[in-house]
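Visitor: Read top to bottom, the protein sequences are chains A and B.
The first sequence begins at 2 in our numbering and counts up one residue at a time.
The second sequence begins at 2 in our numbering and counts up one residue at a time.
Hints are supplied without guarantee of correctness; some may be wrong.
Calculated from the model, a selection of chain A residues having no Cβ within reach of chain B, i.e. all distances over 12 Å [claimed, not checked]:
(1) Gly39
(2) Glu56
(3) Thr62
(4) Ser89
(5) Arg90
(6) Ser95
(7) Val97
So, partial list: chain A residues that the calculated Cβ filter (under 7 Å) puts toward chain B [said to hold, decoys possible]:
(8) Ala14
(9) Leu136
(10) Leu139
(11) Ala140
(12) Gly142
(13) Leu143
Because the hints were derived from the structure by calculation, they are not lab data.
Using N, Cα and C, we set each Cβ at its ideal position, and we do this for glycine too.
Number of protein chains: 2
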Amino acid sequence: MDEPRWLDQDEMAAWRGFVAASNLLNRRLERQLKDDSGLSHTQYEILVHLSAAPEGSLRMTELADRLITSKSGLTYQVTQLEKAGLVSRRSCPSDVRGIFADLTEQGREAVRNAAPGHLAMVRELLIDVLSREQLAVLADGLGEVSRRLRADERA
Amino acid sequence: MDEPRWLDQDEMAAWRGFVAASNLLNRRLERQLKDDSGLSHTQYEILVHLSAAPEGSLRMTELADRLITSKSGLTYQVTQLEKAGLVSRRSCPSDVRGIFADLTEQGREAVRNAAPGHLAMVRELLIDVLSREQLAVLADGLGEVSRRLRADERA
DNA sequence: CTCCCGTTGTTCGAATTCGAACCAAGGTGT
DNA sequence: ACACCTTGGTTCGAATTCGAACAACGGGAG
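Make the full structure from the sequences, and use the hints.
Guide: Encoded structure:
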């Protein structure tokens with residue numbers, strides 16, 4: 002076990018800031034969404050990803066990939082959303098194993114309904130706090146970080 | 002319900018990057034810590050915060066504040082860590098209600114043991130991916146975001 | 001065609017999370 | 001001393017999370 006390269010002051014500040022911001026933001030958004038639309042952040046994200054997909058429809062695995070949760074977690078949440086009538090399952094014609102999650106009309110409406118409040122919160126807490134330049138750096142930097150992590154994941 | 006100001010391309014990229022990086026990083030660090038030291042990320046963070054405090058000791062509420070979890074969540078985790086012998090509870094002399102969480106010698110060792118691997122992962126996945134300038138912007142921007150969120154919280 | 005291996009989605013059990021309710025105990029104003 | 005509001009931690013129940021194990025299918029090598 003060799004001596005690691007400890008984080009210097011700036012590095013530590015970046016790391017702590019990232020962790021803190023991430024946790025605090027999640028808490029707040031979770032509360033806001035739950036109070037405002039009865040959806041958890043995860044559920045909201047599922048609906049958003051579906052509504053962004055052609056036909057409002059995605060394969061379970063594809064959806065899990067984009068959401069960055071475990072397959073079992075997705076199964077659970079899709080079941081919940083199905084009970085709530087916001088999503089429906091449809092088996093894939095070309096692959097018997099495959100399952101599509103389809104956004105229902107009610108699901109679309111739920112997103113339309115929840116989006117403005119959520120968006121306003123994201124703006125207020127993150128986007129509008131940062132300058133244009135800071136946003137660009139964030140997008141670049143964290144984009145690259147995400148890309149590498151995803152690549153790793155598949156390796 | 003007025004029309005919200007939707008996120009433009011850059012703003013969306015920043016937001017998506019942030020969410021993705023945060024989720025992916027958490028997943029990876031969780032796995033790494035669990036495999037490597039048998040600690041969850043939360044537990045590790047508790048130990049780190051304690052070891053950074055004078056005497057390795059903090060009041061429960063103070064600790065919950067720094068960790069950004071609910072009080073009940075902290076109670077649970079401290080109980081777990083106590084069972085594992087890494088932390089011990091001690092009641093506060095000046096306030097009968099108060100409880101200190103103390104890092105035990107074994108707890109200190111656990112941190113010493115887990116830190117290098119964790120640190121290496123944080124470096125590899127985040128810190129070393131970014132330039133010095135990007136790190137500075139991250140620290141500034143997200144630091145400000147966190148400060149505001151914390152201030153809000155207390156309001 | 002048949003044997004294998006990778007994929008797909010679900011199920012299962014264990015661990016964790018949260019908020020609301022709760023019980024003391026502190027502190028304040030009268 | 002008294003009533004009253006806040007604070008500190010725990011308990012409780014419900015919801016969610018994950019990974020490992022599973023069953024069923026797809027798709028190529030031979």
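Visitor: Next step is simple, just say for each hint if it's right about the structure.
Guide: Hint check results:
no.: 1; hint: Gly39; in the structure: holds, 17 Å
no.: 2; hint: Glu56; in the structure: holds, 22 Å
no.: 3; hint: Thr62; in the structure: holds, 16 Å
no.: 4; hint: Ser89; in the structure: holds, 26 Å
no.: 5; hint: Arg90; in the structure: holds, 24 Å
no.: 6; hint: Ser95; in the structure: holds, 29 Å
no.: 7; hint: Val97; in the structure: holds, 30 Å
no.: 8; hint: Ala14; in the structure: holds, 4 Å
no.: 9; hint: Leu136; in the structure: holds, 5 Å
no.: 10; hint: Leu139; in the structure: holds, 4 Å
no.: 11; hint: Ala140; in the structure: holds, 4 Å
no.: 12; hint: Gly142; in the structure: holds, 4 Å
no.: 13; hint: Leu143; in the structure: holds, 4 Å
Of the numbered hints stated above, none is contradicted by the structure.
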